[in-house]
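Student: One-letter residues, chain by chain:
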Amino acid sequence: MTVHPRYTQTIAIFVLTLLTVLTLAVLVFIIVFVFGKGLPYISYDFLFAKPEDMGRSGGIFPTLIGTVILPLFAIIIATPLGVGTAVYLTEYTRENRITRIIRFGADCLAGIPSIIFGLFGFIFFVTTLRMGWSIMSGSLTLVFMILPTIIRTSEEAIKAVPYSYREVSFSLGATLWQTVRKVVLPNALPGIVTGIMLSIGRSIGETAAVIFTAGSSLRMPHSIFDSIRTMSVHFYILAREGISNKNAYATAAVLIISILIINLISYWMMNMFIAKKTK
Amino acid sequence: MAIALSAITMLVLIVLFIIKEGLPFIFKIGITDFLLSTDWEPAAGKYGIFPMIAGSLWVTLGAILVGVPLGLAGAVFLSEFIPQWAMKTIKPTIELLAGIPSVVYGFIGVMVLAPLIREYLGGPGLSIMAASIILGIMILPTVMSISIDSIKAVPNSYREGAFALGATHWQTIHMVVIPAARSGIIAGIILGLGRAIGETMAVIMVAGNAVKLPNSPLDSVRTLTANIALEMGYATGMHRQALFATGVVLLIIIMLLNYIAMTAIRDRGKKK
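Sequence lines, in order, name chains A and B. With the working numbering, the residue at position 69 of the first sequence is 69, and numbering never jumps. So the number in the working numbering is just where the residue sits in the second sequence, counting from 1, plus 1000.
Bound conformation, chain B alone (with noise of 0.2 Å):
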């Protein structure tokens, strides 16, 4: 029983001590200008994260962009257009690419990516777009593999009743399969925006890290996790504090999203 409670007597730790470190900050900064203001220079006192939040949106949104049509259209074709032997070896093969350190899609972001776009489209290279399409391919995994999931779940009869209404397969897929996987299907996507506005590592190395509103796709960005750690190496006092405010603006978005995604997950249960 004591044991049990382990889980939750770890989540309550961590929201309590990330919080005690990081809430009086705001209180005393002000909530508006943390959040609003767009100037972070810590050594003048100045902590405004709004270009932060800006650049987490803008890097969650392109990766949504990337990974979702790409992982729902692999789910897709490897759930209902290939045999089943094939599908059982090129499931666990992505999910196995689902282990890869987030390190590694990051350093092939700087080694690759960024120079093809610094060349061909312009910019610093290491920018939104860069940030996105290698966070984009990092939750491919999840996506795929959550809408695999949900797809098989759909029962073969509503396939079979499709059929027998005479439409093609892929009118079945978009009509009906669809439409009966969907909950299931924004559930891993909702996973994949958690994971993507999460993930640091990968993206310190390749969004650029700039301070600033961005103009374009083409900007060099820094999000709310980059901030953390880019600058928690040599923070002290009210800068520190500052960074563990950072953190609980994170803490709080990320658990809004779980909250709905396990919403998602629990009406698909309801509703078999």
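Chain A extracted, bound-state conformation (with noise of 0.2 Å):
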């Protein structure tokens, strides 16, 4: 017996709408969830006080500077290395072995787990260079981590700004290194900012390879050698050891909410970028 192929397209369509409508009921069900446990709980005094009793009762401020600072230091490092393989590989040199190994090194790194990012931060920057739980190994370990991404959108970006600008450049007598610093990053920069910005989320949601390199400290850091907490560790912490899960979710709803402005930000500026190379 044979169906007839309109009555499989029926019942196809409705078998993929009910999947897809389930998905997406899903995840909106995870954030309605969490902001409807979690917000009653923000107020002022939760994220500026200082916690107390482990987090049981008080604000979580200490883990907001560390959520705020990671990144920050982990940016400042990798935006120089990720953007200057970027031009290297648009600009200085052409496809050979050297650009494929690159491409290769990028790649992996960013399929590695963050569990691994974790140990080798922890043996590398924490034991062996004696950095020890500190501000300095978690950013320097987030470095690796984000490295791959700001490669790789730094060069989609790059890629994007038309040959005739540096075709233009090159006319007026400017040398290639005046050319990729006046013509060729300034048009690129959005393109590199999305990146830098969904970095910013990777790390503000980092927690495994956080955890065992800047440690979990709850004090206020005093120099980027002390030990600090960001917000998911804090998160972990409080919702693993069932510390206190009214703490719990609404630090996971200020998690999400700084997650989803930095993620809608660059969504918006990647928009404005296409709109304007297309133009």
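It should be emphasised that the hints constitute simulated quantities derived from the structure, not laboratory data. Predicted model, so just to flag it, every value in this text is computed and none were measured. A virtual CB, placed ideally from N, CA and C, is assigned to each residue, including glycine. One or more of the hints may lead you astray.
[Said to hold, decoys possible] Coverage of chain B stretches by chain A, computed from C-beta distances (three or more under 8 Å per stretch; other residues unrestricted):
#1 1038-1046
#2 1052-1065
#3 1077-1091
#4 1108-1119
#5 1150-1164
Take the two lone chains and join them into the complex the hints point to.
Tutor: Next comes the structure, spelled out in structure tokens:
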């Protein structure tokens, strides 16, 4: 017996719609659930007060500082490296063995799970280089993690700069370096910044790599060699050790809001960038 | 030039240090004992990671069973059946959700999913099934957005050809579009697989972490990643080396998967 193609089509569309709606419903549920449980507890005091009793009560201010500082340092170090690599790959060389090796390195690095970065950061920065559990070790480990994203997005952004821009610059007698600095990079900037924003988003949400390198001290840090706890780590500890579900939900809500804002900004910038380029 | 080599230098550094810490241990214990023994009692000097390898495999397989059908169905539906403008809002939304930290997924698994499983299906709740569902949801955005991209990349002339032969839209999709987009879809699935195997925090929270070979999907398991993260905090000496050795095994699995994914993507590029 064969079923008429029109019926299979109806059934297929029905199943596809069902599955898609289910998917979207699950994703929406997660956001609504966390916000519903967490938002009521967020207040000025929660954000800007010191935690008390291991986070059972009080606020999350030190973890807020940790969440800002760790990705910030990581970005400061990773951006020159990543953009430099992208400039080299696109402007200074052709496709050859070296570029293939570089791309292979970046692709592999992108696929390594965060727990491996954590292990590596622990044995390299914390132990071998004797930095201890500190902001320094944590940021440097994050650099390893976000570099591939920055390379990839910067490369795309630089490639999107029309070749005619470079030709005009060369015809005015500019050197390659002048062209890169004054023509290519400014035009690729929005794309590069998008990559940076995405990396910040990823760093903020990271737990496994951070907990083994930056530690989980709840005190305010005094130098970059002090241990610090980020919001994700704080949330993990609150939730896993059952310290306070109320504060865990509230921290999760703050975490998701920050990441959504950062991702939204990067999407908006990417669209602006694409719109400008296709004009 | 020197800067450009930073990425590969970092990769080499990571691989080198993980191997330096882990490999001598593997040889000391013996590869077969380390990989195939089911006894993990660091205090008694027993280091067999077979239960964890099995745990990682089960959980990842489960994640694929949950994530791939949903992700693929979503991708087909979104790229073939709905208007462009709706697609333009839904796809970014899905990708935004990829940014939700894994700890949050884990927490939802603990608070919502595990009690449901415990109540309606039995077992401890924190189980292979819970971990599979949570990981499946976590890899959804990856599978979906790469599949959408490769379905979109199938030239419209293919579809027109199928329509001209009198095929329905669904026939066109499953006989023409999906086969044409196959390598991209496979790459998406493998990347999702890599993410599922490498995921740590969410799995620790929902898989239950018992070191034993599971008998059913409702049993608790410990994955390779969970094994590292759970014991890293207090491990010293041999025990710590054993964790790095676990890392070596994990790294090898991930590298293999990435290699396969990269080859799949490259083949797609060549075909065009």
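Student: Hint by hint, which ones does the structure fall short of?
Tutor: Violated hints (numbers, rising): 1, 2, 5; every other hint is consistent with the structure.
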